[in-house]
Amino acid sequence: MRLARDLHPVAWWCWAVGLAVGASCTTNPFLLGLLLVVATITVFACRGDQPWARSFRLYLWLGLIVLVVRVLFRLLVGGNDAGHVLVALPEIPLPDWAAGVSLLGPFSREELVAAVYEGLRLSTLLIAVGAANALANPKRLMRSLPPALYEIGTAMVVAITVIPQLADSARRVRAAQQLRGGDRGRVRGLRRLLVPILEDAFERSLSLAAGMDARGYGRSGTATVGQRRTTGALMILGLLGVGVGVYAFLDSTAPRVLAWPMLAVGVVAALAGFVTAGRRVERTRYRPERWQPIEFVVAGSGLAVGAALWAVLHWDPLVAHPGVLGVPALSLGALLGVLVGVVPVFVAPPPLTAQNRAAIAPEPTSEPSRVAV
Amino acid sequence: MFELRDVTFRYDDRLVLDHVDLAIDHGELVLLAGPTGVGKSTLLGVVAGLVPAFTGGTLTGDVVIDGASVLEVPARERAHLVGYVGQNPPAWFVTDTVEEELAFGMEQLGLAAPTMRRRVEETLDLLGIADLRHRDLRTLSGGQQQRVAIGSVLTTHPRLLVLDEPTSALDPTAAEDVLATVTRLVHDLGVSVLVAEHRLERVVPFADRLCLLGEGGRVRVGDPAGLLVDAPIAPPIVELGRLAGWSPLPLTVRDARRRTAELRSRLGTPPDPLPVETGPTGPVRRGPAAEVRNLVVAHGPVPALRDVDLDLVPGTVTGLMGRNGAGKSTLLWSLQGRHAATRGTVRVGGDDPHRLRPEARRRHTGLVPQSPADLLYLETVAEECAAADRTASAAVGTCAGLLERLAPGIDPAGHPRDLSEGQRLALAVSIVLTAGPPVLLLDEPTRGLDYPGKHALAGILRDLAAEGRAVLVATHDVEFVAQVADDVVVLAEGEVVSSGPVREVVAESPAFAPQVTKVLGPGWLRVDEVAAALATSAEVSP
Numbered sequence: 001m002r003l004a005r006d007l008h009p010v011a012w013w014c015w016a017v018g019l020a021v022g023a024s025c026t027t028n029p030f031l032l033g034l035l036l037v038v039a040t041i042t043v044f045a046c047r048g049d050q051p052w053a054r055s056f057r058l059y060l061w062l063g064l065i066v067l068v069v070r071v072l073f074r075l076l077v078g079g080n081d082a083g084h085v086l087v088a089l090p091e092i093p094l095p096d097w098a099a100g101v102s103l104l105g106p107f108s109r110e111e112l113v114a115a116v117y118e119g120l121r122l123s124t125l126l127i128a129v130g131a132a133n134a135l136a137n138p139k140r141l142m143r144s145l146p147p148a149l150y151e152i153g154t155a156m157v158v159a160i161t162v163i164p165q166l167a168d169s170a171r172r173v174r175a176a177q178q179l180r181g182g183d184r185g186r187v188r189g190l191r192r193l194l195v196p197i198l199e200d201a202f203e204r205s206l207s208l209a210a211g212m213d214a215r216g217y218g219r220s221g222t223a224t225v226g227q228r229r230t231t232g233a234l235m236i237l238g239l240l241g242v243g244v245g246v247y248a249f250l251d252s253t254a255p256r257v258l259a260w261p262m263l264a265v266g267v268v269a270a271l272a273g274f275v276t277a278g279r280r281v282e283r284t285r286y287r288p289e290r291w292q293p294i295e296f297v298v299a300g301s302g303l304a305v306g307a308a309l310w311a312v313l314h315w316d317p318l319v320a321h322p323g324v325l326g327v328p329a330l331s332l333g334a335l336l337g338v339l340v341g342v343v344p345v346f347v348a349p350p351p352l353t354a355q356n357r358a359a360i361a362p363e364p365t366s367e368p369s370r371v372a373v
Numbered sequence: 001m002f003e004l005r006d007v008t009f010r011y012d013d014r015l016v017l018d019h020v021d022l023a024i025d026h027g028e029l030v031l032l033a034g035p036t037g038v039g040k041s042t043l044l045g046v047v048a049g050l051v052p053a054f055t056g057g058t059l060t061g062d063v064v065i066d067g068a069s070v071l072e073v074p075a076r077e078r079a080h081l082v083g084y085v086g087q088n089p090p091a092w093f094v095t096d097t098v099e100e101e102l103a104f105g106m107e108q109l110g111l112a113a114p115t116m117r118r119r120v121e122e123t124l125d126l127l128g129i130a131d132l133r134h135r136d137l138r139t140l141s142g143g144q145q146q147r148v149a150i151g152s153v154l155t156t157h158p159r160l161l162v163l164d165e166p167t168s169a170l171d172p173t174a175a176e177d178v179l180a181t182v183t184r185l186v187h188d189l190g191v192s193v194l195v196a197e198h199r200l201e202r203v204v205p206f207a208d209r210l211c212l213l214g215e216g217g218r219v220r221v222g223d224p225a226g227l228l229v230d231a232p233i234a235p236p237i238v239e240l241g242r243l244a245g246w247s248p249l250p251l252t253v254r255d256a257r258r259r260t261a262e263l264r265s266r267l268g269t270p271p272d273p274l275p276v277e278t279g280p281t282g283p284v285r286r287g288p289a290a291e292v293r294n295l296v297v298a299h300g301p302v303p304a305l306r307d308v309d310l311d312l313v314p315g316t317v318t319g320l321m322g323r324n325g326a327g328k329s330t331l332l333w334s335l336q337g338r339h340a341a342t343r344g345t346v347r348v349g350g351d352d353p354h355r356l357r358p359e360a361r362r363r364h365t366g367l368v369p370q371s372p373a374d375l376l377y378l379e380t381v382a383e384e385c386a387a388a389d390r391t392a393s394a395a396v397g398t399c400a401g402l403l404e405r406l407a408p409g410i411d412p413a414g415h416p417r418d419l420s421e422g423q424r425l426a427l428a429v430s431i432v433l434t435a436g437p438p439v440l441l442l443d444e445p446t447r448g449l450d451y452p453g454k455h456a457l458a459g460i461l462r463d464l465a466a467e468g469r470a471v472l473v474a475t476h477d478v479e480f481v482a483q484v485a486d487d488v489v490v491l492a493e494g495e496v497v498s499s500g501p502v503r504e505v506v507a508e509s510p511a512f513a514p515q516v517t518k519v520l521g522p523g524w525l526r527v528d529e530v531a532a533a534l535a536t537s538a539e540v541s542p
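Chains A and B, in that order, are what the protein sequence lines are.
Using the UniProt record's numbering, the first residue of the first sequence is number 1, and each one after it goes up by one.
Using the UniProt record's numbering, the first residue of the second sequence is number 1, and each one after it goes up by one.
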């Protein structure tokens, strides 16, 4: 029996990134459709009952919107291709400086198909990210950051929490302002909402900061001054190195000696800084996320999908990018490659929900009596 | 073990704490009391290390824990010694769920994971919140949130627990739960507790010592019964004790009850059950100003109100009581017109307020929301008043006049945020009254008010009722209801469980009985009634 637990969030993100990479490698509608099915089945089978788990529906809608917008856009500015014309729209002449762009014009079946393929690729990418969001709480992901980044992670978690609070306070203030009426102008009306909301937000954040401070957030560890200076120096060196290296790498006129070597030095220094900073951090985690063999399988299955479709793109480009004239071709290898992504449904432990939590923890009242017997 | 030595704290323009000396022993519960705005939270902040770091100002003197000065030690480095729970715990929560919140402080201290697990379990049991462990913090009730907040600092095993008004937002039952938890900590774990509280009647019985912070920042520390003899703030039971000349003063209802035999004989029969409504201030009864029949209001599948009936009669003050989340606010907003009735009818002045335009709603009812600051958005009090006059098309100066009557002496050039709680409330009430509504609704107006402030507010509401308005006050404060209300409606789970004249309702339910009723039995509500009865009996007997 598989015990209910939450899978490591990084595993789900690896899986989703694999799917996204796979999606970006192909425009074959069958493969993309299969990817969508794989992602959807996995989300519905493996998600928990927390609020963020319901966000997947949102991403599905977003995907649909992207697809439709893509087709409409093609309808608007596409249109002088030869082919089977579906709708013969009049072409709106544009001035000379916009040569090469045409508004409306005849819309052919081939264009529609191409637009759908591309739109489908984009929405699949989005939905893969949405799947990761629904399966692994982004807050939990941030809590898995290395110790050196703990404080930034906590700050970001708090920042996310603030958004629903702002919405609450906006609702309250709107209702309260109705009680006194008055200026309804665009600027003044906005001001009377914003002033109380912002005041509320500032007060809240100050009291949150005080509360976190009182509870020990940001305690300096036992590091000596020397250790702190070393860490700081390594971090700055790392930042400089990465900055200069990336610049030299992108700017082909810069001397080559600055590119790779600087980048390498920067990365090494930054990593060393992380390690020394992490060593002096004295924080621990309640219920740390554990990386178990199943996590490897889940992450691997997603990455395998990415690798498989990348291979298809390389060795079998006709399957990866089918033409718009006929029915897209498929290969058994590509299909199997995508299907690997559904492995988590069979191996991932059941998610923690209110229901199976209740099943794990028996009623506390029944416990002592059993001991007595 | 914990000492404030000669602590003085001042902002540039005023002195807040003046040479304060306070020592808290191991396992002691010290109650910090004083009038509103006198600096109680500041004193607590000094203990926790948050003042002056988060407030500015200058601090002199010394703060000593176990013989070592911690004056220079920031709050975060004191976290393992001092556990601080501020006002309004929801604003303090860092995480989402109960368990994570309990663990947050321990994570900062770097405790090992097994230790954390053990302590979380112990704390969940200690506070009786084990069934809430995975719940979202925002979905908890006020009392549960307060207990989680206390638990979240307890897990680090602090030596001293500092609580700032832990029960001010809670209904009587939840407040008793929280206080019982605190006493249990003192008795079982030997934690020292420093607690600031406005409603002394709730905490005094549990306190070992009382620290009275007066105007000018001076403190007096000592035995509660001794200090309260002449303290400017006193719970009803102490006022009763002073009146009856009991010494030492009784601090618990039980103590007082055992001494009432002699007082009862002097008092005679309780006052006329309907003195207020037929009294000189009450106008002749007219039809109700607002009428609610079989009202059902539902947000989503669960109804917030079920089959509620309510009449608001001009010239009376009605108290609306019930647990947190019992539907009090929903009822107020339904009368105002924001919430539509799912079933049943709401009539204010003969109209359904939900169908009215906002301007018309404001002429029918005036509602003062839970946080009056939400109404205010201008830079000065005078601007706020002028804007209110303009909106209501009232004569210039109407709002300022109302404000001068409700809270005399407010600087018109002052910023509304700088007002005290009571003054800000008065400003909000003046603004909504400028439109001249015959019905006034107030949501939890007594938060943060001390006894004199509550007396003043009660007087204001009685005056407004005497002018022929119908007033509905939602509150947790039973003593305030006893002072101000003619009728009481008690809601539970959205249903009216009892309603009627204060005396009858209060006599029926121990949870909502004020202290005087608890001591002297049904029929007596307020100390001033007892005083009046004693005066008459003194005239008759000699």
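Keep in mind the hints are simulated off the structure, nothing from the lab.
Idealized CB from N, CA, C, for every residue including glycine.
One thing to keep in mind: the hints can contain errors.
If the Cβ cut is set under 8 angstroms, some of the chain A residues that face chain B in the computed set are [stated by the list, open to error]: (1) A176; (2) G211; (3) M212; (4) Y286.
Now the hints, each set against the structure:
Residue-level restraint check for A/A176 holds (minimum Cβ-Cβ distance to chain B is 4 angstroms; threshold 8 angstroms). Because the beta carbon of A/G211 sits about 4 angstroms from the nearest beta carbon in chain B, less than 8 angstroms, this interface hint is met. Among the interface hints, the one on A/M212 holds; its C-beta lies about 6 angstroms from the nearest C-beta in chain B, closer than the 8 angstroms criterion. Look at A/Y286: its Cβ gets to within about 3 angstroms of chain B, closer than 8 angstroms, so that hint holds up.
Violated hints for the displayed structure: none, as all numbered hints are satisfied.
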